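Combine the two chains into a complex, taking the hints into account.
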Amino acid sequence: MALVAGPGIGGSRSSAGTLPAELTLVIDKHVKYIQGLDSRKDELDYWLTEHLRLNGVYWGLTALHLLGHPDALPRDKTLEFVLACQNQDGGFGAAPGHDSHMLYTGSAVQILATIDALTDLEVSQTGGKERIARYIAGLQDPTTGTFAGDEWGETDTRFLYIAFNALSILDMMHLVNVESAVSYIQACANFDGGFGRAPSAETHAGQIFTCLGALSIVRRLDLVDAERLGAWLSDRQLSNGGLNGRPEKLVDVCYSWWVLSSLAMLGKLHWIDAAKLITFILSCQDSEHGGISDMPGDMVDVFHTVFGVAGLSLLGYPGLVEVDPVYCMPKKITQALPYHQA
Amino acid sequence: MTSHGVPRSATREERTIEARQRELKEISEYQRLVEEVNTKVHAKESTPQLLQQTAELLRRNPEYYTVWNHRRRIYVHEFRDLEKQVSASELDEDRRVSQVLDIIQLDLQFLFPLLLKFPKCYWIWNHRLWLLQQATALLPVAQARPLWEEELGLVGKMLSRDSRNFHGWGYRRIVVQSLESLRLQGQSMSRQELEYTKKMIGINLSNFSAWHNRTKLILKILDEENATDDERQKMLDEELELIHQALFDPYDQSLWFYHQNLMCTFDLDLAAKSMAPHLSTEQRLSYIASERRYIEEVLEDAQDCKWPYQALIECTLLEAKMQQGLQEDGRTKILQWLTELKTLDPLRKGRWLDMERSLVKAAA
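These protein sequence lines are chains S and C, in that order. Heads up: the first sequence is residues 1 to 342, going by the UniProt record's numbering. Heads up: the second sequence is residues 1 to 364, going by the UniProt record's numbering.
Honestly, the hints are just simulated from the structure, not real lab data. Being a predicted model, the structure only gives us computed values, none of them experimental. A couple of the hints might just be wrong.
Here are the simulated DSS-like pairs of lysine-lysine, each with C-alpha atoms no more than 27 Å apart in a straight line [claimed, not checked]: (1) Lys321/C / Lys342/C; (2) Lys198/C / Lys249/S; (3) Lys198/C / Lys268/S; (4) Lys321/C / Lys249/S.
Pulled out of the complex, with its shape left as it was, chain C reads as follows (with noise of 0.2 Å):
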C-alpha cells in the first residue's frame, strides 16, 4: 500500500544530477504512456495495441487500479463480440471457446510474474479472480476447471515464498470453493486442504494462518460427513495431541491460540459453536484436568514463559463457570498466577490488574 520496510537513504537532496535526469526522463516516458492510454480509452477504443500499452503501464505501476479496469472493459467487449458472432452464424462455437480460453491464459501469464514481484498488490489478486471467473461463466466445465486446478499449484507457490500471505490464504479460500462447486462438477476438498495446512505447519509451527484454517476446515469437514459425537471426540482428540506435540516451543503464541481456540470447546459459552458441541458436564471437566495437567508440565520447564499461566488462568474459570462458581482455592491460584503474570508480562499490566481487581470484587 505505503511504503513497509524500505530503508532510509539518500533523500532527493542528495542525488546526484545524473540520477535527477533519469529520473525525470522517467518521468517524461511514464506520464506519455498515461495520456496515450487515456486517450484511447476516451475515445472507446478497444485495439490490441491498446491492450499492450496497458499491459506497459500495469508493468511499471500494478496500483495502477483504473487501468486494470480499462483492460477488463476491452475484454467484456471483445468477449460479447465473440458471442454475437457465434449467434449470427459467422463463427462456430469451438473457435469461440478456444478464443476466449486464449485470452484469458495469456492474461494470466501475463500476471505471473507481476504477482511474484508485488505479492500484496490487491489489483492484481482481483484481475486474476475475475478472469477465472469469466473462465467459468464463459468456458464449458473442460476449458474452465483446469484452469482452477493450475490456479490453485500458483497460489500454493505463492504461500511457499510467503506463508503468512493475507492475500493468499484468502485467495486460496476461493480458489477451493469454486473447485468444489456444482458449477465445475467438484466435490469437496476439505480433508486434502486440512493436509494442506499440516504441510504448512510441519514447515512452520508458528505458521498462525494455517492453524487458523484448521480451525474453518475441521468445522466444515465435520458438518459435511455429518459426524456423530464420537466422531467429533476423536477429531478433538487428535487436535489436543497435535498442538501438545507443537507446543515444545511455548514461547510462540500461535500455538497457545490454536490451544485457546481448542479449549472453546469446554467454554459453555461457546461449545455450541465448537467441534464438539455435546460434550457432557463430566467429559468437559476431565478435559481441562487433563489439558491442566499438561500445561504444568511445560510450566516446569519455561518458569519465565507467560503463556502457561493465562492458560491456567483460562482453565481454572472455565472449571468455575460448570462449578458453583469461582471457589475460594481457584481465586487464590489465579491469583498467584497473576503476580507472576504482572512480573513476567509488564507490558500487559493494566489486563492483569483488571483481572485482579473484578475477582476480589466477586469475592467481596
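Isolated chain S, as found in the complex (with noise of 0.2 Å):
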C-alpha cells in the first residue's frame, strides 16, 4: 500500500490546447487524480518510480491539505507505509527495502508532521524521533559544515535544507552544527545574490530556495543581499507568465515554487506579476483528469501538481489554504511546532 505512485503521468490528449477562455482550479479533479496515483500498478511507470514513492506520498499529500481535503488520504495507511520504509539506521528509503537517504528521510518526517503522527511514532518507538534526527545529523560534515545525501557522501545544500527543515521539525536543532553550515551556505552565494549546490557553482532557483530556507529556519536572512536577490529571481519571470530557473532557460511550473517561495521569503512577491503567473499554473492543469504539468500540454505528474498548488496559495488563490515558503508544508502546521515557539 503505498498510497500515491511518483509521480503518475497522465493526461488527456483531449484537454490539451483547448483551454477555456476563463481558467479556474478544478480542485475536485485534483483530489480524485492524486487519490488514483496507487491504482494504477498495471502501468509500467509506477513501478520504474518506486524511487520516489515516499516523496510522492509527501507530494500528494501536500497538495491535498493545500486543496482543502486533508483526509482524502487514510490516516493509518499512511503512516503504516512511512514507517514501513524506515531502516536500521533510523533513516527513511524511498519504498520499503530500499536504502536510506536524506531526500526520503526529509519527506517522513513532514508527512509525520502533516497528518500529526510524531506522537505516535514517540509511543511506536521510544526515542523515534531523536533516532530520526540522530541519523540526519549524522550526515554532517564536520570539516566543511555541509550536508551529505547519504553513507555515500554526496553533498549539494538540497540535503543542508532538508535536514534544518526536519530537524527543525523534530526540534532537534542542537544536535547539528548551525554556524558551520551557516558559513558553508555564504560560500555558494555568488555575484548575482544567489547560490548553487556547491562552493563555485552556478546559481539556481532550486539552490536558491534550499539556501534561503535553510536561512530562515536558523533566523539568518540578515547574510541575504535582499535587493540583489530579488531582482534576480524576479527577472525570472517570462512574457507567458512562467517562470524559469536560470537565465535564458525554459519556463516550469515547479519554478512557481522555487523562484516564487524565495521572493516570499525575502519580502518581495509583488516583483512580478502574479496574475500571468496564476493563468500560466493553470493553464498546466489537465482540466479533464485533474494533475498539473511542467508547460502546458505536456504529461501532468504529482510533483508538479504540488508545486502548481503550492505556487497559487502564495499567490492567495481563492479557497486554498495557505502554504509555509520555507516548508512547502500548510502553514497551521509549522506555525505550531515547537521550535517555532521559542
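Below is the structure:
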C-alpha cells in the first residue's frame, strides 16, 4: 500500500490545447487524480518510479492539504507506509527495502508532521524522533558544515536544507553545528546574490530556495542581499507568465515554487506579475483528469501538481489553504511546531 | 526527476489491448528482475551474475539508487578481497592494480551510454565519481591519472551536447579539482579552463553557465598567480572588452548578468571580493563613466530593451555611493528611466514602484 505513485504521469490529449478562456482551478479533479495514483499498478511507470514513492506521498498529501482535503488519504495507511520505509539506521528509504537517504528521510518527517503523527512515533518506538534526528545529524560533514545525502557522501545544499527542515520539525536542531552550516551556505553565494549547490557552482532557483529556506529556519536571512537576489528572482518571469530557473532557460511550473517561495521569504512576492503566473499555472492543468504538468500540454505528474498548487496558494488563489514558503507545508502546521514557539 | 517536456499523449484508457498486455508483460519481467536482485543481495551474494543483473536493472531504471549502492558494495568487497590476497602473498601488487583498473574501467564503460541517455540522472554522475575516487585511492598515479583525464574529455562531450547541463558543469569542476590535486601530481588548470569557457561562449553567447564559471576562474587565476594590482586591472579591462563585444545582442540577460558582475568591482560594498579590489575612487568613477557611455550607445539602437535602463540606474547608484549620496540630477534621471521600465517591463512593475518610492522617500 503506497497511497501515491510517484510521479503518476498522466493526462489526456483532449484537454491540451483547448483551454477555456476563463481558467479556474479544478480542485475536485486534482483530489481525485491524487487519490487514484495508487490504483495504477498496471502501468510500467508505477514500478519504474518506486524510488520516488515516499516523496510522492509527501507531494500528494501536501497538495491535498493545500486543496482543503486533508482527509482524502487514509491516515492509518499513510502512517503504516511511512514507518515501513524506515531502516535500522533510523533513516528512511524511498519505499520498503530501499536504502536510507536524506531525500526520503525529509519527506517522512514532513508527512509525519502533516498527519500529526510525531506523537504516535514516540509511542510506537521510544526515542523515535531522536533516532531519526541522529541519522540526519550524522550526515553533517564536520569540516565543511554541509550535509551528505547518504553514506556514499554526495553533498548538495539540498541536503543541508532538508536537514534543517526535518530537524526543526523534530525540534532537534541542537544536534548539529548550525554555525558551520551557515558559513557553508555563504560560501555557495554568487555575485548575482544567488546560491549554487556547492561553492563555485552556478546560481539556480532550486538551490536558492534551499539556501534561503535553511537560513530562514535558523533566522539568518540578514546574510542575504535581498535587493540583488530579489531582482535576479523576479527576472525569472517570462512573457507567458511562467518562471524559469536560470537565465535564458525554459519556464516550468515547478519554478513557480522555487522562485516564488524565495521571493516570499525575501518579502518581494509583488516583484512579479501574480495574475500572469496564475494563468500560466492554470493553463498547465489537465482540466479533465486532474493533475498539473511542467508546461501547457505536457504530461501531468504529482510533483508538478503540488508545486503548482503551492504556488497558487502563495499567490493567494481563493479557496486554498495557506502554505509556508519555508517548508512547503500548510502554514498552520509549521506555525504550531515547538521549534518556532521558542 | 519527474516528467519534464513529455507531451500529453494517450492515457491508459486509450491504450489498445495489445499495448496493455505488452506493458503487463514488461512489468512482470521487471518485477522478476528486481526480486532476483533483492534476494541475492539479502543472501549477501557477491557473484558476477548478480553484478550482471544489477547492470540489467540499472539499464532499465537508472534512478533505482539502492541498486547503485548494491553495486558499490560488491566492488568494495572485491577491492578488499584483492588487498587481502596481496597481504597474504597470494597475489602480487601488479596483478591487484590491473584487476582493480579493469573493474573500474569496465564500469565506466557501462555507464557512458546510460549517461548519454539520462544526462540529468544524479545517481549516474554520482556512481562515476565514486569509481574515479576509488581509482585515486587504490591505484598508483600512473594508472589513476589517465582515467581522470579521459573523464575531462567525457564531460566536454556531455557539455557540447547540452551546454547548460547543471550536472555537467559541477562535475567538470570536480574533475578539474582532482586533476589539479597533489595526489594526482597535478598543477593548476585555471588558464586552460578559462579558455574553455571562452570557447563555449563563442559557440553560444547566451551560455550563462560558461560566463558564471569565468567569474570563478578569474578570481582563482589572479590569486594563484599572485597578480599585482596592474595585472588585475588588465584582466578587468579585457573582460569589459569581451562583454562589450558580446552585447551586440542587448536582449540577452545572460550578458547583462555578466556585465553586472564586472560592475561589482566598482561597488564599494562588494569590491573587496572582486577581481580588482584596490582601485582608487577616481579610477572607479572613471570606469563607471565609460560604462555609462557604452550603455547609452547600446540604448540608442535598442530603445525598447529594458536591460540598458537597468544598467544605467545601477551606474548612477554606484556613483552616488562614492559621492555624497544621490544628487537631484541623478534622482531625476533614475525616475525617468523607471518610467520607461514600468512601460517596457510591466511584469516587474512592483519592483520599479518600490524603487521609485524609496527614491522619493530618500529625497523627502
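| task | Just pull the numbers of the violated hints for me, sorted ascending. | result | 3 and 4
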